[in-house]
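Chemist: Sequence:
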Amino acid sequence: MSCSTAYDRKVGFEKAGGVDETVGQTRHKAQKMPIRSGIAPIWAGSAISTVGTRTLGVAYPLLALVQTSSPAAAGWAGFALTLPILLFYVPGGFLVDRISPRRVILCVEAGRLLSVASVLVAMMFGGPSLTHLLLAAAVEGSLWVLYTLAESALLPAMVQPARMHNALAKSEAASHFASLAGRPLGGYLFGVGRFVPFVVNSVLFAVSYALFFGWGRDTGRGPNRPSRLRDLAEGFRELTKLPFLGGSIVVTTFTNLMVNTLIMIYVAGSGDMSSLKVGIVLAAGGVGGVLGSALSVVLPPLRGVLRLHLWIWAFALVLAAFGTYVSLPSYFFALALVATGIGGALSNVAIRSVEVHKVDPATLARVVGVSRLSSYGAFCFAAPLGGFMVAWGDVQGGSAVLCLLMLTAAALSGWPPIGARLTPLLPPDLPRPELPRLPKLLGAHRPSRDLVPSPGVER
Numbered sequence: 001m002s003c004s005t006a007y008d009r010k011v012g013f014e015k016a017g018g019v020d021e022t023v024g025q026t027r028h029k030a031q032k033m034p035i036r037s038g039i040a041p042i043w044a045g046s047a048i049s050t051v052g053t054r055t056l057g058v059a060y061p062l063l064a065l066v067q068t069s070s071p072a073a074a075g076w077a078g079f080a081l082t083l084p085i086l087l088f089y090v091p092g093g094f095l096v097d098r099i100s101p102r103r104v105i106l107c108v109e110a111g112r113l114l115s116v117a118s119v120l121v122a123m124m125f126g127g128p129s130l131t132h133l134l135l136a137a138a139v140e141g142s143l144w145v146l147y148t149l150a151e152s153a154l155l156p157a158m159v160q161p162a163r164m165h166n167a168l169a170k171s172e173a174a175s176h177f178a179s180l181a182g183r184p185l186g187g188y189l190f191g192v193g194r195f196v197p198f199v200v201n202s203v204l205f206a207v208s209y210a211l212f213f214g215w216g217r218d219t220g221r222g223p224n225r226p227s228r229l230r231d232l233a234e235g236f237r238e239l240t241k242l243p244f245l246g247g248s249i250v251v252t253t254f255t256n257l258m259v260n261t262l263i264m265i266y267v268a269g270s271g272d273m274s275s276l277k278v279g280i281v282l283a284a285g286g287v288g289g290v291l292g293s294a295l296s297v298v299l300p301p302l303r304g305v306l307r308l309h310l311w312i313w314a315f316a317l318v319l320a321a322f323g324t325y326v327s328l329p330s331y332f333f334a335l336a337l338v339a340t341g342i343g344g345a346l347s348n349v350a351i352r353s354v355e356v357h358k359v360d361p362a363t364l365a366r367v368v369g370v371s372r373l374s375s376y377g378a379f380c381f382a383a384p385l386g387g388f389m390v391a392w393g394d395v396q397g398g399s400a401v402l403c404l405l406m407l408t409a410a411a412l413s414g415w416p417p418i419g420a421r422l423t424p425l426l427p428p429d430l431p432r433p434e435l436p437r438l439p440k441l442l443g444a445h446r447p448s449r450d451l452v453p454s455p456g457v458e459r
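Residue 81 in the UniProt record's numbering sits at position 81 of the sequence shown; the count goes up by one each step and never skips.
If you're looking for bench data, these hints aren't it; they were derived computationally from the structure.
Remember, it's a predicted structure, so these values are computed and weren't measured experimentally.
Just so you know, even glycine gets a beta-carbon here, dropped at the ideal spot from N, CA and C.
Don't take each hint at face value.
Claimed, not checked - Have a look at the derived ranges for each label pair, beta carbon to beta carbon:
1) L130 - G393: 35 to 45 Å
2) G387 - A122: 39 to 49 Å
3) T68 - G387: 21 to 31 Å
Claimed, not checked - Cut-off 25 Å, straight-line C-alpha distance, at most; resulting in silico cross-link-like pairs (SDA-like, lysine to any residue):
4) K277 - L328
5) K241 - G393
6) K277 - S374
7) K241 - S374
8) K241 - G414
9) K277 - F177
10) K277 - F379
All chains should be modelled from the sequences, with the hints used to inform the complete structure.
Modeler: Pasting the structure below:
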């Protein structure tokens with residue numbers, strides 16, 4: 001998902017051939033953060049913000065539908081939520097790289113609170129208008145992009161290199177838990193009352209703001225340099241320097257396109273199924289993500305994780321295609337989504353680990369922005385592609401085509417000329433992760449070990 005210079009991220013961010021001053025200053029700021037602050041607020045804030053985003057992702061289209069009685073308006077509301085993914089990840093990364101991530105998060109959560117509150121106020125007077133609703137949805141999508149970038153830049157400043165893998169696995173798990181709960185919660189709350197999801201999200205964003213406001217100090221950034229237009233492209237240039245991260249973008253973009261097209265094929269063929277059944281099947285991916293995150297807590301990242309990622313997807317699409325031939329599509333589609341959730345979580349943790357260990361912290365948000373732009377951009381093409389495939393070959397034919405494409409890609413990854421570029425191995429010089437022992441998994445967790453030690457603080 002991202003790329004970098006040849007940083008050897010021992011404690012102190014020592015660079016081959018010398019010490020990078022910007023990196024040293026970043027770590028020096030991180031050292032000043034009090035140990036008592038912990039990283040629990042990051043996980044809690046991330047989970048709360050993700051729940052808010054997922055519930056609003058359901059609530060805004062539903063409110064547009066109720067207010068206008070137009071399915072097209074609901075579609076436009078969904079589009080307004082997702083459009084910022086294509087527009088703001090790269091410039092957002094540039095912004096986050098120049099400002100304290102904590103400060104960005106505080107501004108973002110305050111902005112999201114105000115946006116949701118404006119919709120609530122408008123509802124008291126018979127609104128909001130469609131224009132107001134679309135604007136609020138676009139603001140939510142844009143601020144969510146900034147939040148994810150700021151969170152990615154914040155975590156490396158807080159966690160020791162040996163503990164980073166464990167912290168990233170827990171962060172991934174929190175995200176999947178929140179995503180799993182958020183969408184059904186949004187539909188349920190809207191059913192209780194159209195204003196309820198917006199009231200709940202006002203509280204969620206206020207709590208998230210309070211968590212980060214009371215947590216630590218600003219991590220800071222290196223000395224500001226004059227802004228240059230070419231700095232926007234720094235993330236793309238960084239991605240050319242680490243083969244693993246360059247390959248990960250290709251692999252995750254392709255597999256995201258495959259699985260989301262599969263979802264659209266399933267939804268298009270679910271006309272005779274209950275909405276509850278469809279919802280349970282689609283939630284299976286979140287369950288797989290939680291399971292994969294749990295495995296990441298106790299397993300070190302595999303050097304061939306990208307090739308494993310491709311073969312897990314190939315196995316999943318075989319399951320889905322088989323299910324259509326034995327007339328049990330829902331069961332096999334659910335198993336397929338569980339498998340892709342597990343594989344996605346394992347590879348996400350490995351990719352994020354390379355990002356934080358190998359990318360210059362001064363450009364990390366831009367690198368993450370380019371990575372997310374590519375992988376999430378695949379979502380935009382999945383819907384029309386899935387619709388076209390169902391119209392062309394129905395659910396069975398569309399699933400079979402996806403299966404063949406995925407098997408071909410996985411097989412090609414074993415051919416050295418292609419595999420070396422498509423699925424390069426994990427860098428061998430990553431810090432060895434500290435894997436928790438069983439008592440820690442059962443709850444004996446010491447937060448202070450996750451943190452970069454502050455000067456003069458005894459352990």
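Chemist: So, for every hint listed, does it hold in this structure?
Modeler: For each hint, the structure was consulted:
1. Distance hint for L130 and G393: a CB-CB separation of about 37 Å, consistent with the stated range 35 to 45 Å.
2. In this structure the hint that G387 and A122 lie 39 to 49 Å apart at CB is violated, the actual value being about 34 Å.
3. In this structure the supplied range 21 to 31 Å holds for T68 paired with G387, their Cβ-Cβ distance being about 23 Å.
4. Distance hint between K277 and L328 is fulfilled; the C-alpha atoms sit about 13 Å from each other, no more than 25 Å.
5. Straight-line distance between C-alpha atoms of K241 and G393 comes to about 42 Å, which puts the hinted pair past the 25 Å bound.
6. Taking the CA atoms of K277 and S374, the gap is about 31 Å. The hint is violated against a cut of 25 Å.
7. A threshold of 25 Å between alpha carbons decides the hint, and for K241 with S374 the separation of about 17 Å falls inside it, so the pair holds.
8. The straight-line distance between the Cα atoms of K241 and G414 is roughly 23 Å, inside the 25 Å bound, and the hint therefore holds.
9. A hinted pair counts as satisfied when its Cα atoms are at most 25 Å apart, and K277 with F177 qualifies at roughly 20 Å.
10. Taking the CA atoms of K277 and F379, the gap is about 23 Å. The hint holds against a cut of 25 Å.
When the structure is compared with the earlier hints, violations turn up for hints 2, 5, 6 and for no others.
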